[in-house]
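Put together the whole structure using the sequences plus the hints.
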Amino acid sequence: MNVLKTPLALIVVLLVAAGLIITFAWMNLSMSNSYADLRTVLTTTTAVFGTMLGIITAGLMFTQGKFSELSSELTAKAPDYLSKVLVMEKMQPIETYLLALRKTFTKLAASTTVVEERNLYERIVTKASSIFVDFAVLLNLKLKQQGLPISQLLVSEMDSKLYGVYEKGLKDVKREWQIFTLIKQITDTCEAHTASFIEKSSITSPLEADLKSSIAILKLKEKGNKSLIDVRNEVAKALSGLNSEVGEISKRLHDDRIPQLLSQMKQASIIRGKYFYLALVFIVTPLLSNLLMLPQLSEGTVAFYQPIIAVTSVLSVMGVIFLLLYIHKILNV
Amino acid sequence: MRKSAEKRLKALFAEHSTPPLEVIIPILEKTGQGEQELTAQIYDTYAAVTKEIMKILGLKQKNMKTVAKVWEIVNSFEKQPFEPIELTESRFSFSIPDCPMVHVGKDISQKVRSKFCDLICAGGSKAIMDNVLGPDSGVCRWDKALIHGAGRCTLVFELVRDE
Numbered sequence: 001m002n003v004l005k006t007p008l009a010l011i012v013v014l015l016v017a018a019g020l021i022i023t024f025a026w027m028n029l030s031m032s033n034s035y036a037d038l039r040t041v042l043t044t045t046t047a048v049f050g051t052m053l054g055i056i057t058a059g060l061m062f063t064q065g066k067f068s069e070l071s072s073e074l075t076a077k078a079p080d081y082l083s084k085v086l087v088m089e090k091m092q093p094i095e096t097y098l099l100a101l102r103k104t105f106t107k108l109a110a111s112t113t114v115v116e117e118r119n120l121y122e123r124i125v126t127k128a129s130s131i132f133v134d135f136a137v138l139l140n141l142k143l144k145q146q147g148l149p150i151s152q153l154l155v156s157e158m159d160s161k162l163y164g165v166y167e168k169g170l171k172d173v174k175r176e177w178q179i180f181t182l183i184k185q186i187t188d189t190c191e192a193h194t195a196s197f198i199e200k201s202s203i204t205s206p207l208e209a210d211l212k213s214s215i216a217i218l219k220l221k222e223k224g225n226k227s228l229i230d231v232r233n234e235v236a237k238a239l240s241g242l243n244s245e246v247g248e249i250s251k252r253l254h255d256d257r258i259p260q261l262l263s264q265m266k267q268a269s270i271i272r273g274k275y276f277y278l279a280l281v282f283i284v285t286p287l288l289s290n291l292l293m294l295p296q297l298s299e300g301t302v303a304f305y306q307p308i309i310a311v312t313s314v315l316s317v318m319g320v321i322f323l324l325l326y327i328h329k330i331l332n333v
Numbered sequence: 001m002r003k004s005a006e007k008r009l010k011a012l013f014a015e016h017s018t019p020p021l022e023v024i025i026p027i028l029e030k031t032g033q034g035e036q037e038l039t040a041q042i043y044d045t046y047a048a049v050t051k052e053i054m055k056i057l058g059l060k061q062k063n064m065k066t067v068a069k070v071w072e073i074v075n076s077f078e079k080q081p082f083e084p085i086e087l088t089e090s091r092f093s094f095s096i097p098d099c100p101m102v103h104v105g106k107d108i109s110q111k112v113r114s115k116f117c118d119l120i121c122a123g124g125s126k127a128i129m130d131n132v133l134g135p136d137s138g139v140c141r142w143d144k145a146l147i148h149g150a151g152r153c154t155l156v157f158e159l160v161r162d163e
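If you're matching them up, the sequences are chains A and S in order. To convert, note that position 286 of the first sequence is 286 in the numbering used here; the numbers rise steadily by one, no gaps. To convert, note that position 152 of the second sequence is 152 in the numbering used here; the numbers rise steadily by one, no gaps.
Source of the hints: derived by calculation from the structure; they are not laboratory data. Incorrect hints may have been included.
[As the list claims (entries may be wrong)] The calculated BS3-like cross-link candidates involving lysine-lysine, where the alpha carbons are at most 25 Å apart (straight line), are:
{"hint": "1", "chain 1": "S", "residue 1": "Lys30", "chain 2": "A", "residue 2": "Lys219"}
{"hint": "2", "chain 1": "A", "residue 1": "Lys251", "chain 2": "S", "residue 2": "Lys10"}
{"hint": "3", "chain 1": "A", "residue 1": "Lys223", "chain 2": "S", "residue 2": "Lys30"}
{"hint": "4", "chain 1": "A", "residue 1": "Lys266", "chain 2": "A", "residue 2": "Lys168"}
Only a predicted model underlies this, so the values are computations on that prediction, with no experimental measurement involved.
Written out as structure tokens, the structure is:
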């Protein structure tokens, strides 16, 4: 079922299924050709499509309600996070550590010739920059909430590319609850989850894991270059500081079940978006076609409408399957 | 295992992670330096992990059973599948279907893999045995079968016999 999570894959599956159904329907045209039979089929499939549309509309209302309920819950928590969890005393040292890491690893990446090592250092710079920008956005929102002037201190540390990301981040936060998406993004980028000895080579590691790796490398190289001892100590200090500060934020986030709430919202958003539009295309189109055909169907037009009725009747079976999938998704919200 | 012990072990493995071999090996290969440091790092990591595992689980006996228990914990927390083969008073062996050496970049030669396999296995196994059985009380052998394309690699730990 995971493949159905990507809209393109789902559309392709549905289109292929629709193609097969149409072919199948055309091949079975001769099976039923009496007017009475076709009228019964048309009336039944129209009723089926109508019922499905009703259920899907009810589903939409349910998911919309669920989405609003979840966003209200998160919105109610947001001011508390901005004022009590993301306090300046926490944010300032985090930003200082991130800046120091960016500077250190930019230099290290420029000085190494080994591709794997350079990739690791560049990864650290990218992640540190991403967290730095996310915190800058949060700080901006926090200052706005408190009615204080926006600090240009963090912005002055950004190059044009980072500033672009920062501005986009600010624009993307349109609702209060969206600060949690940013906070979760920060903790996900930062924190290491236990990875296996073997998995280490293949997974996208978080900043914490990359920093540990870099410390191990610096330790190996410092015999030939004593200045790396200081660099390693600095990195270790930044890692420990980040772990402690971000760890606290992450703990609070998990205690408040924010990741689960965000995941439910995402699911509800998918259902009211992608799934709803697909339902409209695959149910409303044949329904409209049936409704248009119903008054026109007569002994004289049977032969003309027979192939279309065959297609829509098989599509109704497919619609029922789609409906089951839709209901399954709704139940998981 | 009690929940608190499991939590402490989880924290232990998060704190003492092994160096990233896929990054380290190409660097060491190109610079030709740091092999001894890598062995020392592996040794120190596993020595610290072994001491803590013994403390957390209250393992006091200095025998092969404890060596086996420590390996079981290490493999389980590093998500390394393993299959015990033999456990006697003087010998413990197990096999593994996968190892980090298999995942090191494709451009790394078999000779280099073999050299680093020796460094890592020597460092790790010695750290565990030294801390459970006592310094230089055990030896470990490994057949490098995975590097040579076989399905499983076997590690054998034996007590050093006093002649």
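Hints versus structure:
{"no.": "1", "hint": "Lys30(S) / Lys219(A)", "result": "holds, 17 Å"}
{"no.": "2", "hint": "Lys251(A) / Lys10(S)", "result": "holds, 16 Å"}
{"no.": "3", "hint": "Lys223(A) / Lys30(S)", "result": "holds, 16 Å"}
{"no.": "4", "hint": "Lys266(A) / Lys168(A)", "result": "holds, 20 Å"}
Every hint, counting from the list given before, is met by this structure.
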